[in-house]
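Visitor: Residues per chain are reported as follows:
Number of protein chains: 2
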Amino acid sequence: MATDLSYELDRAVDLTQAGDDRWRGEVDPGWTVGVGVPNGGYLLAIALSGLGRVLPHPDPLAVSAHYVSRSEVGPIEVRTESMRSGVTVSTGEARLVQGRRLRVHVTATYGDLGRLEGPTVVNEPRPEFPPPEACVRAQGPVAPEFVRRFDLRLTPDTAVWATSRPSGVAEMAGWIRFADGREPDTATLPLFADAFPPSTLNVVESLWVPTLELTVHVRARPEPGWLQCRFLTRYLIQGYLEEDGEIWDSAGKLVALSRQMARIHD
Amino acid sequence: MATDLSYELDRAVDLTQAGDDRWRGEVDPGWTVGVGVPNGGYLLAIALSGLGRVLPHPDPLAVSAHYVSRSEVGPIEVRTESMRSGVTVSTGEARLVQGRRLRVHVTATYGDLGRLEGPTVVNEPRPEFPPPEACVRAQGPVAPEFVRRFDLRLTPDTAVWATSRPSGVAEMAGWIRFADGREPDTATLPLFADAFPPSTLNVVESLWVPTLELTVHVRARPEPGWLQCRFLTRYLIQGYLEEDGEIWDSAGKLVALSRQMARIHD
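Top line first, the protein sequences correspond to chains A and B.
Residue 204 in the working numbering sits at position 204 of the first sequence; the count goes up by one each step and never skips.
Residue 43 in the working numbering sits at position 43 of the second sequence; the count goes up by one each step and never skips.
Warning: the hint list may mix true and false statements.
What the hints assert, rightly or not - Derived DMTMM-like pairs: lysine to aspartate or glutamate, alpha-carbon spacing no greater than 25 Å straight-line: (1) B:Lys253 - A:Asp244; (2) A:Lys253 - A:Glu77; (3) A:Lys253 - B:Glu171; (4) A:Lys253 - B:Asp244; (5) A:Lys253 - A:Glu133; (6) A:Lys253 - A:Glu145; (7) B:Lys253 - B:Glu124; (8) B:Lys253 - B:Glu145; (9) B:Lys253 - B:Glu205; (10) A:Lys253 - A:Asp157; (11) B:Lys253 - A:Glu171; (12) B:Lys253 - B:Asp112.
Unchecked claim - Beyond 10 Å from chain B on every Cβ pair, some chain A residues (computed): (13) Asp4; (14) Leu5; (15) Asp21; (16) Arg53; (17) Ser64; (18) Glu72; (19) Glu117; (20) Val142; (21) Asp157; (22) Glu183; (23) Pro224; (24) Tyr235; (25) Gly239; (26) Glu242.
Claimed, not checked - Rough simulated footprint, nothing fancy, chain A against chain B, three-plus residues with beta-carbon under 8 Å: (27) 51 to 64; (28) 84 to 96.
The hints are simulated quantities; they were obtained by calculation from the structure and are not laboratory data.
Every residue, glycine too, gets a C-beta built ideally from N, C-alpha and C.
Bound conformation, chain A alone (with noise of 0.2 Å):
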């Protein structure tokens, strides 16, 4: 498989093969949200760059991804096992290992998006949400670095948490596309899917809430251009909490849906 390295992405989740189902990358300073800290939706679209080459199925369907132990910026190891191919969908599992230390364990389902056949039934609007011009940028040099990698502008209503104070409503909404142009595409959703501000930041104020589990199912291929997403906790008890996400692309279309498992740390 040819890879196309002209992108930021690409490059930080670009894998050589070092053995049978072996594969060695390197978390990428560029993509961390503290200090050494790498981006769960990273270090979960390094798993895909390793399935999506022993998968015969053009496109993640169901990817689950368990967050085993803290990740480091450096050397990675992706370890991938094909565990059924079939006709309509495949199985494997990544694990990504630093040292002898195991990571993160993915699981996923691949299938293919441009060959569904059933009944569409969708009653849920879209939300309708200002234009990007109207919403507030993510940047400054208080954001994290991977921050940069985006475009990525909250709505006003969900941006006070940032310019005054939380709203009270456990929610993050806005647009978001890659800084240098690339074009999102369904093994790109799931990264999408973890790259708001946490939901609670509009309720508790704790920046850190590392995720424990992200499942993400991808519904269609995006269309090219801005995306737009709506992250949203319901349930935040003891310190745990769900984040549930909808991804829609620029024709209006509903992508992919999201749901992780993270912990406030105070």
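Starting from the known structure of chain A, arrange chain B on it as the hints suggest.
Guide: Relative to the frame of chain A, chain B by itself:
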């Protein structure tokens, strides 16, 4: 670990050790949803029966299952692996194997729900349903075999697919408990999360809606008594769907969230 075999479920998920991290079980015909096809939540309960023995923490917090190939009634092997044991959480995987075929791959992060500390913010009200006595009991000769293991009552609004015609809203809601009086616990909540009829029966007639992936977040230990459940599908797209579930205990506390990806077969 002593196992109480007073109840049907505990007998149906009982395992005997067959080696290091290898366990033998039996897929029981009493837990099938069609001719010889075991329920996905039941298979997950078998996997957790194995993981509960090898991980040090008492409660599954986040459980991800990928259904790799179709399981059958009969002998099954559970291959467990403890991937990391930390102070607050531990993570492991379980593989359900029949013959040489991988059936289900499960990854789970365990913790201790009796020792959580942190803020609680829940703005979502619990939905009000008619009481169990005013709901429609799922039973009769056409009900799948595994439904007999439960006392399952659908709200009149969501039971209409069975009694007259689909409601047009992809929702199933109601009450559930084990038929033999076994009380719910955190290891059984993932089973309850896959026990209701598919929510899509209220929009599309198809009894065969196999699960590709199921993730359950266990958020609290349930009190004894009825569980109140709601399952909703917002996006049925070309035959693929998510089904989102919420489970509250008899004290009105949210105890689990679930999401599965499934596919409608005509």
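Visitor: Give a verdict on every hint.
Guide: Now the hints, each set against the structure:
Proximity of B:Lys253 to A:Asp244 is assessed by CA-CA distance (about 20 Å); at most 25 Å being required, the pair is judged to hold. Restraint check for A:Lys253 and A:Glu77: not satisfied, since their Cα atoms lie roughly 35 Å apart, outside the 25 Å limit. Our distance criterion of 25 Å between C-alpha atoms is met by A:Lys253 and B:Glu171, whose separation comes to about 22 Å. Proposed proximity of A:Lys253 and B:Asp244 is supported: the alpha carbons are some 20 Å apart, at most 25 Å.
The suggested pairing of A:Lys253 with A:Glu133 holds, with an alpha-carbon distance near 21 Å, which does not exceed 25 Å. In summary, the hint linking A:Lys253 to A:Glu145 is not supported, as the alpha carbons are separated by about 30 Å, beyond the 25 Å threshold. At most 25 Å may separate the alpha-carbon atoms for a hinted pair to count; B:Lys253 and B:Glu124 meet this at roughly 11 Å. Distance check on the hinted pair: B:Lys253 and B:Glu145 sit about 30 Å apart at the alpha-carbon level, beyond 25 Å; violated.
In summary, the hint linking B:Lys253 to B:Glu205 is not supported, as the alpha carbons are separated by about 33 Å, beyond the 25 Å threshold. Annotation: proposed proximity of A:Lys253 to A:Asp157 holds, straight-line Cα distance about 23 Å (limit 25 Å). A hinted pair counts as satisfied when its Cα atoms are at most 25 Å apart, and B:Lys253 with A:Glu171 qualifies at roughly 22 Å. At most 25 Å may separate the alpha-carbon atoms for a hinted pair to count; B:Lys253 and B:Asp112 meet this at roughly 17 Å.
Distance check on A:Asp4: its Cβ is at least 28 Å (rounded) from any Cβ of chain B, clearing the 10 Å threshold; non-interface status holds. Residue-level check passed: A:Leu5 sits 31 Å from the nearest beta carbon of chain B, beyond 10 Å. Consistency note on A:Asp21: stated as away from chain B, and its beta-carbon is indeed over 10 Å from all of that chain's, at 16 Å minimum. Annotated as non-interface, A:Arg53 keeps its C-beta farther than 10 Å from every C-beta of chain B; the closest such distance is 19 Å.
Taking the minimum C-beta to C-beta distance to chain B, about 4 Å, the non-interface status of A:Ser64 is violated against the 10 Å cut. Residue-level check passed: A:Glu72 sits 15 Å from the nearest beta carbon of chain B, beyond 10 Å. Taking the minimum C-beta to C-beta distance to chain B, about 6 Å, the non-interface status of A:Glu117 is violated against the 10 Å cut. The Cβ of A:Val142 lies farther than 10 Å from every Cβ of chain B, with a closest approach of about 23 Å, so its non-interface assignment holds.
Separation of A:Asp157 from chain B is adequate, the least Cβ-Cβ distance of about 15 Å exceeding the 10 Å criterion. Interface exclusion of A:Glu183 from chain B stands, the closest Cβ pair being 21 Å apart, more than 10 Å. Every CB of chain B lies more than 10 Å from the CB of A:Pro224, the least distance being 20 Å, so the non-interface label holds. Once the 10 Å rule is applied to beta carbons, A:Tyr235 is inconsistent with being away from chain B; the minimum gap is 5 Å.
Not every CB of chain B is more than 10 Å from the CB of A:Gly239 (nearest about 2 Å), against its label as outside the interface. Not every C-beta of chain B lies more than 10 Å from that of A:Glu242, the closest at about 6 Å, which undercuts listing it as non-interface. Evaluation of the coverage hint for the segment 51 to 64 of chain B: fulfilled, as 3 residues show C-beta separations to chain A shorter than 8 Å, against a requirement of three. By the rule of at least three residues with a Cβ nearer than 8 Å to a Cβ of chain A, the coverage given for the segment 84 to 96 of chain B holds, with 5 such residues.
In this structure, the hints that do not hold are numbers 2, 6, 8, 9, 17, 19, 24, 25 and 26, in rising order.
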